[in-house]
Amino acid sequence: MMELIGLSKSFDSKPAIVDLSLRVEDDEYLTLLGPSGSGKSTLLRVLAGLERPEAGRIMLGDQDITARPTHLRGLGIVQQNYALFPHMTVEENVGFGLAHRAQDPVTDTAEVARRVAQTLELVGLLGLERRMVGQISGGQKQRVSLARTLITEPKVCLLDEPLGALDANLRERMTVELRKIRKALGVTFFHVTGNESEAIAMGDRMIVLDEGRAIQIAEPDTVFDAPATVRVARFLNAYNLLRGSVQGGTFESGEVRMPVPSGAQSLSCAAVRYDAVRVLRSGAEAEAGAPALHATFVASEFMGSKVVYFFRMADGGMFEVERHLSSSDPETYGEGEHVTLSWRMQDVLFFDANGDLIELAQAKGAA
Amino acid sequence: MYELKTLRIGLAIYTALFIGFLYGPFIVMGILSFQNGPDGGPQFPIIEWSTFWYQHVLGFAPPSRVAPLPIGEALTRSLTLAFATMVVSTVLGTLTAQAFRTKFKGSGVVFYLVVLGMMVPGVLLGLGMALVADQMGVDRNWWSTAFVLHVVYTYPFAFLVMLAIFNRFDKSIEEAAWALGVPPGKTFRKVTFPIIFPGVLSAMLFALTLSYDEFPRTLFTGGSDVTMPIAIYGTFAVEIHPNLFAFGVLTTLFSFALLTVYGILMGLTVRRARASGIQEDI
Chain A
1 MMELIGLSKS
11 FDSKPAIVDL
21 SLRVEDDEYL
31 TLLGPSGSGK
41 STLLRVLAGL
51 ERPEAGRIML
61 GDQDITARPT
71 HLRGLGIVQQ
81 NYALFPHMTV
91 EENVGFGLAH
101 RAQDPVTDTA
111 EVARRVAQTL
121 ELVGLLGLER
131 RMVGQISGGQ
141 KQRVSLARTL
151 ITEPKVCLLD
161 EPLGALDANL
171 RERMTVELRK
181 IRKALGVTFF
191 HVTGNESEAI
201 AMGDRMIVLD
211 EGRAIQIAEP
221 DTVFDAPATV
231 RVARFLNAYN
241 LLRGSVQGGT
251 FESGEVRMPV
261 PSGAQSLSCA
271 AVRYDAVRVL
281 RSGAEAEAGA
291 PALHATFVAS
301 EFMGSKVVYF
311 FRMADGGMFE
321 VERHLSSSDP
331 ETYGEGEHVT
341 LSWRMQDVLF
351 FDANGDLIEL
361 AQAKGAA
Chain B
1 MYELKTLRIG
11 LAIYTALFIG
21 FLYGPFIVMG
31 ILSFQNGPDG
41 GPQFPIIEWS
51 TFWYQHVLGF
61 APPSRVAPLP
71 IGEALTRSLT
81 LAFATMVVST
91 VLGTLTAQAF
101 RTKFKGSGVV
111 FYLVVLGMMV
121 PGVLLGLGMA
131 LVADQMGVDR
141 NWWSTAFVLH
151 VVYTYPFAFL
161 VMLAIFNRFD
171 KSIEEAAWAL
181 GVPPGKTFRK
191 VTFPIIFPGV
201 LSAMLFALTL
211 SYDEFPRTLF
221 TGGSDVTMPI
231 AIYGTFAVEI
241 HPNLFAFGVL
251 TTLFSFALLT
261 VYGILMGLTV
271 RRARASGIQE
281 DI
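Order-wise, the sequence lines are chains A and B. All the letters of the first sequence, read from the start, carry residue numbers 1 to 367 under my numbering. All the letters of the second sequence, read from the start, carry residue numbers 1 to 282 under my numbering.
Don't take every hint at face value.
What the hints assert, rightly or not - Some chain B residues near chain A, calculated using beta-carbon distances under 7 Å:
#: 1; residue: Ser172
#: 2; residue: Gly185
#: 3; residue: Lys186
Stated by the list, open to error - With a straight-line cut-off of 25 Å between C-alpha atoms, the simulated BS3-like cross-links for lysine-lysine are:
#: 4; chain 1: A; residue 1: Lys14; chain 2: B; residue 2: Lys105
#: 5; chain 1: A; residue 1: Lys155; chain 2: B; residue 2: Lys103
#: 6; chain 1: B; residue 1: Lys103; chain 2: B; residue 2: Lys186
Said to hold, decoys possible - Partial list, computed: chain B residues near chain A (C-beta under 8 Å):
#: 7; residue: Pro45
#: 8; residue: Gly117
#: 9; residue: Met119
#: 10; residue: Val120
#: 11; residue: Gly122
#: 12; residue: Val123
#: 13; residue: Asp170
#: 14; residue: Glu175
#: 15; residue: Trp178
#: 16; residue: Lys190
#: 17; residue: Pro194
#: 18; residue: Ile195
#: 19; residue: Pro198
#: 20; residue: Leu210
For the record, the hints were derived by calculation from the structure and aren't laboratory data. The beta carbon of each residue, even a glycine, is placed where N, CA and C say it ideally should be.
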């Protein structure tokens, strides 16, 4: 188990990580979602001992490793650009740490070879042992990088955007592979990414990092269904955000009027998921009492299993609607066609003046 | 289109002139080295083609009125000095460049202090060193005072070469090795050094060639046992014979051999680097 306690780090007095505390459990897949500039790379570098934090401690088990040099930490790191040793073969790359590490090096070459073969089999690279790392593909490099780290049996394996440089097809396959490999070894993966669907799909738990702070730590479905703040909702890239204010007991945003959930003092924003919205052609009326707004069709994007429609609201903002083709056939709209967008009150999330989520139960109670 | 053509012709003439001036002296020297001996002098026309002067340099020619070049010992000295300078300067240059990879206090001042060694005019530096040595009662020798100045002169070159190499070095490779539990010292030996090796070769070549034909600094500080360039200069004072040219051709061939070895070593590492995709942008 690894524990971060009040970690802070800044560059030229610009804060990169602010008072971050976190427990990383044994044998779990933890993903960290952060947009670029959120401090996620800095956090990884601090954990790996490549940067020194200004405040806070890092505990690994019952040992304080905050000031320990990188090579004595027992943490593995898989870099975004793989950082393979260019002058070595695949085999030599994978065996390098095992044979040359400071603590408990394996000096028996036969033993190194045996474990290299074992690890290469685990990541599916058998047969490439003697290739130079320049002669293999991006996906294979990724696996070599992973194998090289896993063979040293780190307590926690840090992965810095491990799928970022792969093409979409490969990314999907590696998503499954990574989870499988982790499960087989029982090692903790701490996977950092800027991609929300990756964070949601892969993590047992996920952390949302924003401006150096962990703003939500929860299971992915909780984060997705109940983003803790407006910013989390925005990172998830699955919510239409309607900014507005409370006027005489109702939440007003442009033409949209919605009842204020009980107990809420002030509201700044409402969020409606892309796939919770109904599109009504002109003439059709929204259900009585259901919130609705008028918009014009801009464009649609076919994505295989779903279609995403883009509408422009009266105030110029964009509104996205997602339709899953397993549940309905795609609709076609003419450019500039006027439609009414409507949704149910129980699908709305409200955020207070600080941008924090107002508890779901209360919102439902009000509807 | 027209302008482009004039530009092309202009550049072609410029290049031709450049190559002419670069190789002209060597070609003239090469032709004259085959002058008839021992009667032929260092001028055209060639009386008769012969390899007499080559035999003369190598000591195979029968005794004649032309004294043999006093180069045997001077050559050994120069090569020893150049080799020692190469080793010391390359090690110092590499270590200094490694230090400059992380910012440290006063790095700007240190940088200029190091580079000063190749900026200060050699004659002044040689003269100054001679004065200091005399003041302190230190004997001037090619292996002491001159050696120090050779290092002072070539070390900045080695340093700058290595600085450029480290600039392009991907630090994350080292970090990966550390994260695997490999201590920094071993990481440098097993990972960093093999990757920067082509650069080290270049730095070595620089230091070797600069030291080998160094003149002004050695003139004042080398003492009575002269090095190669000074021995040759000494023969000018009496009379010039084509044996000098023969020797010139031989040393040039030696330099080419050295460059070829360098090229082969470089080619090997570059091919290995290409095979491993070091230039590939990820």
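Checklist entry - Is it true that the CA of lysine 155(A) sits at most 25 Å from the CA of lysine 103(B)? => result violated, 32 Å
Checklist entry - Does the CB of aspartate 170(B) sit less than 8 Å away from some CB of chain A? => result Cβ of aspartate 170(B) sits 7 Å from chain A, so the hint holds.
Next on the checklist: A closest beta-carbon separation below 7 Å is what the hint needs, so does serine 172(B) meet it against chain A?
Outcome noted: holds, 4 Å
Item to check | chain A contact restraint for methionine 119(B) - C-beta distance below 8 Å | outcome: Constraint on methionine 119(B) not satisfied, violated at 33 Å.
Next on the checklist: Holds or violated: the hint that glycine 122(B) contacts chain A, with Cβ atoms closer than 8 Å.
Outcome noted: At about 39 Å, which exceeds the 8 Å cut-off, the nearest Cβ of chain A leaves the hint on glycine 122(B) violated.
Checklist entry - Does the CB of glycine 117(B) sit less than 8 Å away from some CB of chain A? => result violated, 32 Å
Checklist entry - Holds or violated: proline 45(B) as interface residue toward chain A, Cβ cutoff 8 Å? => result violated, 56 Å
Checklist entry - Does lysine 14(A) pair with lysine 105(B) here, judged by a C-alpha cut-off of 25 Å? => result holds, 21 Å
Item to check | Hint validity - valine 120(B) Cβ closer than 8 Å to any chain A Cβ | outcome: Hint violated; valine 120(B) Cβ to chain A Cβ min 37 Å, cut 8 Å.
Next on the checklist: Between the alpha carbons of lysine 103(B) and lysine 186(B), is the straight-line distance 25 Å or under?
Outcome noted: holds, 22 Å
Item to check | Interface hint compliance - lysine 186(B) to chain A, C-beta minimum distance less than 7 Å | outcome: holds, 6 Å
Checklist entry - Hey, does the glutamate 175(B) contact hint survive, CB to chain A under 8 Å? => result holds, 6 Å
Hint check: violations occur at hints 2, 5, 7, 8, 9, 10, 11, 12, 19 and 20; the rest are consistent with the structure.
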